[in-house]
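Visitor: Residue strings, one per chain:
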Amino acid sequence: MTTFSIIGKPIAMVDAAGKTTGAGKYTDDLSLPGMLTGKILHSPHPHARIKRIDASRAEKLDGVVAVVVGSDAPNPYGILPVGHDEHALAVDKVRYVGDNVACVAAEDEATAERALELINVEYELLPAYFDPEESMKAERDLIHDNKPHNVEKDYHHVFGDPDKGLAEADHIEEARFIANEVTHAAMEPHSTLATFDIDSQTGKPGRLTVWSSTQVPYYLQHKLSLVLEMPMSQIRVIKPLVGGGFGGKSEVIPLEIISAVAARKAQRPVKITYTREEVFWAHRGRPRTIIDLKTGVKNDGRITAVKARVVQDGGGYCSYGVVTILYSGALLGALYDIPTIQYDGFRVLTNKPACGAMRGHGTVNVRFAFESQLDELAAKLNIDSAEIRRRNLLQAPCITVNGLRVQSYGLPECIDKVVDRSRWKERKGKLPRGRGLGVACSHYVSGAANSIIRSDMPHSTVNIKIDRDGGVVVYTGASEIGQGSDTMTAQIAAEVLGCSLGRVKVVAADTDLTPIDIGSYSSRVTFMAGNATLRAAEAVKKQIAAAASKKMNCDLVDLVFRDDAVRRSNGISTGHVGTDALARPAEGAPSFSRSLREGGDVDSSSPTVSGRVEGQILRGSLQQKRKEDDAPKTSMSFEEAVVAAIDFHGALTGTGSYAPPPEARGGKHKGGGVGPSPAYSYSAQVAEVSVDEDTGEVTVHKVWAAHDCGRALNPVAVEGQVIGSVWMGMGQALTEEMIWKDGLLMNPGLLEYRSPSSVESPEVEAIIVESIDPEGPFGAKECSEGALAATIPAIANAIYDAVGIRLHESPFTPERVLAALRAKKNAKPLNLTEGVDPTSPTTFREHGGALWFKGKGPERHEGSVGRAPSPASGEQ
Amino acid sequence: MKKQLFELRVNGRSHELAIEPNRLLLDALRLDLQLTGSKRGCDDSSCGACAVLVDGTPMLSCTMLAASCEGQEITTVEGVSEHGALAAIQKAYGDWGGAQCGFCTPGFMMTVKHLLATNPNPTDPEIRDALSSNLCRCTGYSQMYEAIKAAIQAEQKGMAART
Ligand code: FES
Ligand code: FES
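Residue numbers (the working numbering), protein chains in the order written: chain C, 1 to 876; chain Y, 1 to 163.
I should point out that these hints are in silico values taken from the structure, not numbers from a laboratory. Just so it is clear, CB atoms sit at the ideal spot from N, CA and C, and this is done for glycine as well. Any given hint could be a false lead.
[To be verified] Here are some chain C residues the structure puts well away from chain Y; computed CB gaps all over 12 Å:
(1) GLU426
(2) LYS465
(3) LEU556
(4) LEU750
[What the hints assert, rightly or not] If we take Cβ atoms under 8 Å as the criterion, some of the chain Y residues that face chain C in the derived model are:
(5) LEU33
(6) GLY37
(7) GLN100
(8) THR105
(9) PRO122
(10) GLU126
(11) ASP129
[Unchecked claim] Under the rule of at most 20 Å between Cα atoms (straight-line distance), these lysine to aspartate or glutamate pairs were calculated in the EDC-like manner:
(12) LYS157/Y - GLU146/Y
(13) LYS3/Y - ASP92/C
(14) LYS25/C - ASP27/Y
(15) LYS2/Y - GLU107/C
(16) LYS2/Y - GLU113/C
(17) LYS60/C - GLU107/C
(18) LYS149/Y - ASP129/Y
(19) LYS51/C - GLU107/C
(20) LYS3/Y - GLU109/C
(21) LYS2/Y - ASP108/C
(22) LYS25/C - ASP32/Y
Kindly produce the complete structure, drawing on both the sequences and the hints.
Guide: So this is what it looks like as structure tokens:
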């Protein structure tokens, strides 16, 4: 068995110190001389035509440098080539409360805000659509003229013969599930700083440089080029530290384009940073999803057929919507062996902020429905809920009925692990009333096998350059957003080259410097950018090996790169076998304990090599070495080998790239491009909850989460990603929900949105399962999203175990739990919020968020859809 | 509003600032003193990313006037490192995955610093309670608890070595 020196070790993030000391820079921490502050005027109406914009008073305000409106950059764009339906600023219509109308660039924030109030916009109000099922009936006043019935896209897939499958089933369960809308709420509000060079010939704005909180710098570069009508080569996008993304920064967010448009007009650098409220409007989160699900099983629990009809409330623009609705159907497959599937998916437009990609993109809400229904079937058939899942496992490697190729499949082991650790057998169904256990599974792609922009371009490319002192620079377009992308890159490069981590510097996500990478989304970075790094490192290693083998007079195959040295192995693998044993105390133990982490730590900060000081130019010592050097040696230090290679080849650089193999790219049916991935991660979870039957409050005590990540390149990072996913799933399960009234978000603040704090967060025991994928870098797959989807149904199923109610709508708030408890007892429904229903408040949270005071924020939309007129705004 | 002169003591140094009396402490730190370590994560004092110590007590600098801090000792995340080296808690957060994206981390550093100053050996529930003033969207908090315990151990070892 291969042992590794850096892979598989718990390693601190290479950029950790910048984060803990405050020295690391996020976009909003940057400033440039002469920089202006940009502020955006948002629409107060959910659906209206813009008749006239008069910005003349704003323009005259002292300190205002430029005001831009839709006509300043009217080219449409959108993240998907099929969804170019957005503009930097609205050109004819606004489609949600918060839509972007104008932007002021001024000397300071206060001036910009004052100027916003001086802009006069005349609107013609249009009837608005808020409910997707209503919206689908629309005949006129369509949200986009080219989308009949406000349906962005619908897909109808049939695999196998589901009707026959249902006919053969012994039991069929059918129900409607609703998962309400949630958003990423990354801690860093979006921010963009844009500046133009002055063209040396014309004196006009020339090259553009943009710093932005983005997961996808190359897509941003592409969309900027479309809207600004500039060649991509004239645009440089740099991604500083990013304070979390979760998909919310995985497409081009309006402020990223607006700041560039404003900077062009103002001829000064412009920075725009969203307020938290604006972040909620920018949204692109997980859509409210209505799932009508039907599952048939045999008496032994084997699934015979699944039929799902899914309606997603997509908001006012396409965003990633077409992909989201496809993921919802495609990833019904690849978790269990399901012989027949029918899927009808509708992505519907409504007058609310656009939904987009969020952690577990498209799969989470359907998984909640499916895993809940499977649990109901298990209960009906009197089969243990963990057992019914075991009875429906795939026989990997295989290709599923909907064309997904599964190679590594750690799900069985994941189920065994959580059953074991949670003492499921002894405790399930036997806990005191009010306390229960639930199990559920999930999976996710390790990157999409097909890029959203159809081309044969590799999805990731990485360059490596090594300098004479043995310093390794890795240039990668992959975007670190807190998930550990840079650390993963450094680890892989160091492992392949056999050098210490401290030698490796990662230059990332700067479109001028780094080769193209399509971004940090769909959990693709470790698999794809990791493989590209691996290949780039192999390419350089080959050059070093060629030079070293000459010096050492041996065959290439006899060389071992390890511990900052290149050695001849010749069977007498001295030394380093011993160090292996020392460096890998965790051998065989997939997870690690504290003592191991302290004892067996890899010291990444002290790359001392044969007593020399790191970073010195070694000419003197090398000249001396050369003299002694005539006899062939048995080992060379890393620097010596590097110098030899540079002398031999000229420069020492290498390139590697990754494109998913054709076999992994899925079926040929319409929409078949979404869902296929080179590898899938697997997750099984058990949640332990208690339910207070008087208050309806659900407490999650502990979640055991086993996750098959292929190989854990960095266990501490993998556990962090798994715990973070479970936690985010718990938020969606219990508290997080975007609450709307007439298209107006009622809770645009972190407290009102109810992001859980430490006291509301359970202990999560992350259990790493390593299935070693044949194509992943060192066998690795994704670990940052797949676990999320299992948490919601695991909690739902645990609630059933605790108090015997089935909740079909998330989040499981006290109101919903109490309602279900009363319904179970046939008691009269209790309206806790009578007159203060959170969806139509009159006295409850009248101001929605924090910033709604006089003259600021959207006005109430006035009765264009025949609802009761809203109470007067402005009352405190 | 007209600017006035104020003197702020931040991380052991005095700064004379010409700012509006309604300038928020967070803006004074980030914009006037270029101490960008403290972050703004919300509009309504709900996230804790802006926390700084004012005379040793964690305060939300986004809802405090800079002018009101005259004569008080302000410590920001930039003042946590000790003698040019990482403080135990900073190293531990790095080693144990306490910081993923790191945007919430400066606020947590201040909260934890205060916790350990007032309660050097906190129990698990005490740690949870203390951290509940700050929000994190990445970590689920679990690895922060490990980090805090590791930092306490490191501190104790360090103390033992010094005495
Ligand atoms: S910035 Fe969120 S509490 Fe201060
Ligand atoms: S580490 Fe990202 S918000 Fe806490």
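Visitor: All hints are to be evaluated individually against the structure, with a verdict given for each.
Guide: Tested hints:
The beta carbon of GLU426/C sits about 25 Å from the closest Cβ of chain Y, which is more than 12 Å, so the claim that it is off the interface holds. Consistency note on LYS465/C: stated as away from chain Y, and its beta-carbon is indeed over 12 Å from all of that chain's, at 27 Å minimum. Every Cβ of chain Y is farther than 12 Å from the Cβ of LEU556/C; the closest lies at roughly 37 Å, confirming the non-interface assignment. The beta carbon of LEU750/C sits about 4 Å from the closest Cβ of chain Y, which is not more than 12 Å, so the claim that it is off the interface is violated.
Among the interface hints, the one on LEU33/Y is violated; its C-beta lies about 12 Å from the nearest C-beta in chain C, farther than the 8 Å criterion. For GLY37/Y, the suggested interface contact is upheld, since its CB lies about 2 Å from the closest CB of chain C, less than 8 Å. For GLN100/Y, the shortest C-beta to C-beta distance to chain C is roughly 4 Å, which falls under 8 Å, so the interface hint holds. A cut of 8 Å between beta carbons decides the hint on THR105/Y: the least distance to chain C is about 5 Å, and the hint holds.
A least Cβ separation of about 12 Å between PRO122/Y and chain C goes past the 8 Å threshold, and the interface hint is therefore violated. Interface hint status for GLU126/Y: violated, as the beta-carbon distance to the closest one in chain C is roughly 11 Å, over 8 Å. Taking 8 Å as the C-beta contact cut-off toward chain C, the hint placing ASP129/Y at the interface holds, the least distance being around 6 Å. Under the criterion of a C-alpha separation no larger than 20 Å, the hint pairing LYS157/Y with GLU146/Y is consistent with the structure, at around 16 Å.
A distance of roughly 42 Å separates the Cα atoms of LYS3/Y and ASP92/C; the hinted pair therefore is violated under the 20 Å criterion. Straight-line distance between C-alpha atoms of LYS25/C and ASP27/Y comes to about 16 Å, which keeps the hinted pair within the 20 Å bound. For the hint pairing LYS2/Y with GLU107/C, the CA-to-CA distance comes to about 16 Å; that is within 20 Å, so the pair holds. Restraint check: the Cα-Cα separation between LYS2/Y and GLU113/C comes to about 18 Å, which is no more than 20 Å; the hinted pair holds.
Of the pairs offered as hints, the one joining LYS60/C and GLU107/C holds, with about 13 Å between alpha carbons and a cut-off of 20 Å not exceeded. Between the alpha carbons of LYS149/Y and ASP129/Y the distance comes to roughly 15 Å, so the proposed pair stays at or under 20 Å and holds. Our distance criterion of 20 Å between C-alpha atoms is broken by LYS51/C and GLU107/C, whose separation comes to about 29 Å. As the CA atoms of LYS3/Y and GLU109/C are separated by approximately 16 Å, the hinted pair is consistent with the 20 Å bound.
Between LYS2/Y and ASP108/C, the direct Cα distance comes to roughly 15 Å. Compliance with the 20 Å bound is thereby established for this hinted pair. Straight-line distance between C-alpha atoms of LYS25/C and ASP32/Y comes to about 16 Å, which keeps the hinted pair within the 20 Å bound.
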